[in-house]
Amino acid sequence: MREVYAVGIGITSFTRLEYPISEIAAYPAMMALKDAGLSKVDHVYVANMGSARLNHQSGLASAVVDTLSLTPAGAEVIENGPASGASAIKTGFMAVASGLHDVVLVTGAERLREVNNLDATDFVATLTHPLAEYIYGVTLPSLAAMFTRLYMQKYGVTERHLAMVAVKNHDNALLNFYAHLHEKITLEGILDSPEAMTNNPFVAEPLRFFDCCPVSDGGACVILASAEVAKKLKKPMVRLVGVGQATDSHCVHERAEPTDLLAVRGAAAQAFKMAGITPKDVDVAELHDAFTILEIVESEEVGFFKRGQGHLALERGETKLGGKLPINTSGGLKAKGHPVGATGVGQAHEIILQLRGAAEKRQVKDAKIGFTCNFGGFGNNVVCLVFKRED
Amino acid sequence: MAIDVEKILRPVDNPIPPFPPKYMMLAGGEEMIIRQVTREDIPDILCHVEPLLHVERDYYDVVAARLISELLAYYRYRVQDEYVLVAQINGELVAVVNGRLLNKDIGMSYHTVALRRGLRVGAHAFAAKMEYHLDIIGQKEVLIVAESPIGFRRWMIEYGLEKRFNMAHELGGVPSWALTKELFNKARETLVVGRRPVPKHLLEKAQAAILPPTDPPKAPADLLAATRSMYDSTGTALMAQRWKQEGRL
Numbered sequence: 503m504r505e506v507y508a509v510g511i512g513i514t515s516f517t518r519l520e521y522p523i524s525e526i527a528a529y530p531a532m533m534a535l536k537d538a539g540l541s542k543v544d545h546v547y548v549a550n551m552g553s554a555r556l557n558h559q560s561g562l563a564s565a566v567v568d569t570l571s572l573t574p575a576g577a578e579v580i581e582n583g584p585a586s587g588a589s590a591i592k593t594g595f596m597a598v599a600s601g602l603h604d605v606v607l608v609t610g611a612e613r614l615r616e617v618n619n620l621d622a623t624d625f626v627a628t629l630t631h632p633l634a635e636y637i638y639g640v641t642l643p644s645l646a647a648m649f650t651r652l653y654m655q656k657y658g659v660t661e662r663h664l665a666m667v668a669v670k671n672h673d674n675a676l677l678n679f680y681a682h683l684h685e686k687i688t689l690e691g692i693l694d695s696p697e698a699m700t701n702n703p704f705v706a707e708p709l710r711f712f713d714c715c716p717v718s719d720g721g722a723c724v725i726l727a728s729a730e731v732a733k734k735l736k737k738p739m740v741r742l743v744g745v746g747q748a749t750d751s752h753c754v755h756e757r758a759e760p761t762d763l764l765a766v767r768g769a770a771a772q773a774f775k776m777a778g779i780t781p782k783d784v785d786v787a788e789l790h791d792a793f794t795i796l797e798i799v800e801s802e803e804v805g806f807f808k809r810g811q812g813h814l815a816l817e818r819g820e821t822k823l824g825g826k827l828p829i830n831t832s833g834g835l836k837a838k839g840h841p842v843g844a845t846g847v848g849q850a851h852e853i854i855l856q857l858r859g860a861a862e863k864r865q866v867k868d869a870k871i872g873f874t875c876n877f878g879g880f881g882n883n884v885v886c887l888v889f890k891r892e893d
Numbered sequence: 125m126a127i128d129v130e131k132i133l134r135p136v137d138n139p140i141p142p143f144p145p146k147y148m149m150l151a152g153g154e155e156m157i158i159r160q161v162t163r164e165d166i167p168d169i170l171c172h173v174e175p176l177l178h179v180e181r182d183y184y185d186v187v188a189a190r191l192i193s194e195l196l197a198y199y200r201y202r203v204q205d206e207y208v209l210v211a212q213i214n215g216e217l218v219a220v221v222n223g224r225l226l227n228k229d230i231g232m233s234y235h236t237v238a239l240r241r242g243l244r245v246g247a248h249a250f251a252a253k254m255e256y257h258l259d260i261i262g263q264k265e266v267l268i269v270a271e272s273p274i275g276f277r278r279w280m281i282e283y284g285l286e287k288r289f290n291m292a293h294e295l296g297g298v299p300s301w302a303l304t305k306e307l308f309n310k311a312r313e314t315l316v317v318g319r320r321p322v323p324k325h326l327l328e329k330a331q332a333a334i335l336p337p338t339d340p341p342k343a344p345a346d347l348l349a350a351t352r353s354m355y356d357s358t359g360t361a362l363m364a365q366r367w368k369q370e371g372r373l
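Chain order of the listed sequences is A and B.
For what it's worth, the working numbering labels the leading residue of the first sequence as 503, then goes sequentially.
For what it's worth, the working numbering labels the leading residue of the second sequence as 125, then goes sequentially.
Bound-form chain A, shown alone (with noise of 0.2 Å):
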């Protein structure tokens, strides 16, 4: 297999965008056009979830690839999920490593935000199985709920230490311009004053309001190319090093344990395998808090702490900006946001930016190896990247 780079990144605001579909896909395009020194791309892979359902827009690799102006390049729509970003970030992989192609254009792009909440809510919630999940009215924060209770009295995680994740990433979040969630939030405010039921209600419990991302619109893109491009285009040298992908049963309550994230340890140990490293290697890491359990979890099942200790990492402070192992420098999708389909490429503009050394506040000092989980479903299709500074 050939070498694959990042040569060039971009991402909108994840907030509430009212642009057609098609363009929040092709801004940050532009803007790592931009940033690669690039005119034009062999193929673009555009990742998005829902633009049919909610943005009455099917098709949509042949509206973006038109509205950058890079026809006849070959595109085409990668769908899976909320893991969809790191899907085609890996099927771009796959194209370049392959010697298909020099360079691929992959962007994510979802306006989730065109329909309301509940509708929001409802469509994540078709990812679930139809028969045995969906017509008993579950949901991703009910299923999230079920999780968390059952891994709280597996292993001693309490509510403080869900809001602790909130509060650590919503001050990574005051740090990146592009996040969704600007606010500064305490442990006093969301847990202990007497307000605190208001301001922090329970939104299935044991999950609070704090404890769930918001619904978000956004873009990201990434552009990857082979070593032969990337040297021609003096950017530092940031490959694309370890893929990994594994899925587990559809309906949760099919697996033998139901606290085992299965897909997260399949899909991480492939990453780590084809990298070359172990969990130790990594310098900073961006894991899909799409509820505060899933960070706590997910960073024991990737394997940078031990089971049952992810929660206590978090106490001693590891994994906060400045820690030994800096988690969701971005804001995660609790605070930076979740635009499904754009989700896993925002997660690797963030660690590229790290890895570039360009993260400005939030710079992890010396940043070499950076990670990535992109979640998709309630953890049965997981998508893991690693990335490595070269020079």
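Just so you know, not all the hints are guaranteed correct.
[Claimed, not checked] Straight-line Cα separation of at most 20 Å, SDA-like style, residue types lysine to any residue; simulated pairs: (1) LYS228/B with MET291/B; (2) LYS146/B with LYS228/B; (3) LYS890/A with SER728/A; (4) LYS686/A with PRO337/B; (5) LYS342/B with HIS684/A; (6) LYS264/B with THR304/B; (7) LYS686/A with PRO703/A; (8) LYS536/A with TRP367/B; (9) LYS686/A with PRO341/B; (10) LYS686/A with THR304/B; (11) LYS890/A with ALA698/A; (12) LYS310/B with ARG278/B; (13) LYS686/A with LYS228/B; (14) LYS782/A with ALA758/A; (15) LYS146/B with LYS656/A; (16) LYS310/B with ALA698/A; (17) LYS656/A with ARG809/A; (18) LYS863/A with GLY371/B; (19) LYS310/B with PRO703/A.
[Stated by the list, open to error] For the chain B half of the interface with chain A, some residues (derived, Cβ under 8 Å), not all of them: (20) GLY152; (21) GLY153; (22) ILE166.
[Said to hold, decoys possible] Which stretches of chain B does chain A cover? Using the computed rule of at least three CB atoms under 8 Å from a CB of chain A, they are: (23) 188–196; (24) 226–235; (25) 314–327.
FYI, nobody ran anything at the bench for these hints, they're computed from the structure.
Cβ atoms here follow ideal geometry from the backbone N, Cα and C, with glycine treated the same way.
Start from chain A and add chain B according to the hints.
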């Protein structure tokens, strides 16, 4: 015989009990005070509401225009039985709510404007307004409308308001919704918060001056940047948009 026209035009307010100030902690750990202001305070509020006229987002422009007229009418005695409450954090104005008494039993909710977004600032201020009508003045129900979808979610859905579509609301003449005492009692445990009395130092800070909001709602990112960027392959329009948001332009 000389006629004092002003005496005819100026309505006479009915006596109502004052709103006792209260305070609460927000999600960010800051303590917010909600208190009643008098006519003399109105000019200090108007100057902070006026910039919202130009915020074409979530109906801030419509609400600001209407609120300014209501505040001016209150200040210059051209509305009957109006009151104004403000929410402040460290003296900074973060929300304004107002309303009036339609009659002894029915309140007419006017506006709820949050000058700091997020953290339920507006929702807490609205709850205080309802508390004033139903608990302190002792009315039976309050007529409510919403200009924005956010308001609809916060009031009509969260409180489960009853329809009073046979009654036109004073805001735009649109059909009214009503918060009854019974509905308010149901919401009391989850939506209505606040502690009394307000510590002396907090109250004095709030009363000393109504300070300008430090992070008021802003106009959305330039919507035309989308169109312009179609003819600008450099992406400069997008960068300019970012600089504008950062205050560099």
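These are the hints, each one checked on the structure:
1. Distance restraint check for LYS228/B and MET291/B: the Cα-Cα separation of roughly 16 Å lies within the 20 Å cut-off, and the hinted pair is therefore satisfied.
2. For the proposed pair LYS146/B and LYS228/B, the alpha carbon gap of about 24 Å is over 20 Å, so the pair is violated.
3. For the given pair, LYS890/A sits about 15 Å from SER728/A by alpha-carbon distance, which is consistent with the 20 Å threshold.
4. For the hint linking LYS686/A to PRO337/B, the alpha-carbon distance of about 16 Å falls within 20 Å, and the restraint holds.
5. Between the alpha carbons of LYS342/B and HIS684/A the distance comes to roughly 14 Å, so the proposed pair stays at or under 20 Å and holds.
6. About 6 Å separates the Cα atoms of LYS264/B and THR304/B, which keeps this hinted pair within 20 Å; it holds.
7. A threshold of 20 Å between alpha carbons decides the hint, and for LYS686/A with PRO703/A the separation of about 17 Å falls inside it, so the pair holds.
8. For the proposed pair LYS536/A and TRP367/B, the alpha carbon gap of about 17 Å is at most 20 Å, so the pair holds.
9. Distance hint between LYS686/A and PRO341/B is fulfilled; the C-alpha atoms sit about 16 Å from each other, no more than 20 Å.
10. Taking the CA atoms of LYS686/A and THR304/B, the gap is about 35 Å. The hint is violated against a cut of 20 Å.
11. With a CA separation close to 42 Å, the supplied pair LYS890/A and ALA698/A exceeds the 20 Å bound.
12. About 15 Å separates the Cα atoms of LYS310/B and ARG278/B, which keeps this hinted pair within 20 Å; it holds.
13. Only pairs whose Cα atoms come within 20 Å are accepted, and LYS686/A paired with LYS228/B is rejected, the gap being roughly 42 Å.
14. Simply put, LYS782/A and ALA758/A have alpha-carbon atoms about 28 Å apart, too far for the 20 Å limit, and the pair is violated.
15. As the CA atoms of LYS146/B and LYS656/A are separated by approximately 42 Å, the hinted pair breaks the 20 Å bound.
16. Proximity of LYS310/B to ALA698/A is assessed by CA-CA distance (about 18 Å); at most 20 Å being required, the pair is judged to hold.
17. The suggested pairing of LYS656/A with ARG809/A holds, with an alpha-carbon distance near 11 Å, which does not exceed 20 Å.
18. Taken as a hint, the LYS863/A and GLY371/B pair is honoured in the structure, with Cα atoms around 18 Å apart against an allowance of 20 Å.
19. A C-alpha spacing of about 16 Å is found between LYS310/B and PRO703/A, which places the hinted pair at or below 20 Å, so the restraint holds.
20. Contact between GLY152/B and chain A, as hinted, is supported at the beta carbon level, the nearest pair being about 5 Å apart and thus within 8 Å.
21. The closest approach between the C-beta of GLY153/B and any C-beta of chain A is roughly 3 Å, which is under the 8 Å cut-off, so the hint is satisfied.
22. Here the hint on ILE166/B is broken, as its CB sits about 29 Å from the closest CB of chain A, past 8 Å.
23. Remark: the segment 188–196 of chain B is not confirmed as covered by chain A, as 0 of its residues place a Cβ nearer than 8 Å to a Cβ of that chain, below the required three.
24. Look at the segment 226–235 of chain B against chain A: 0 of its residues bring a Cβ nearer than 8 Å to a Cβ of that chain, fewer than three, so the hint is violated.
25. For the segment 314–327 of chain B, the stated coverage by chain A holds: 6 residues have a C-beta nearer than 8 Å to a C-beta of that chain, and at least 3 were required.
Consistency note: the structure conflicts with the earlier hints numbered 2, 10, 11, 13, 14, 15, 22, 23, 24.
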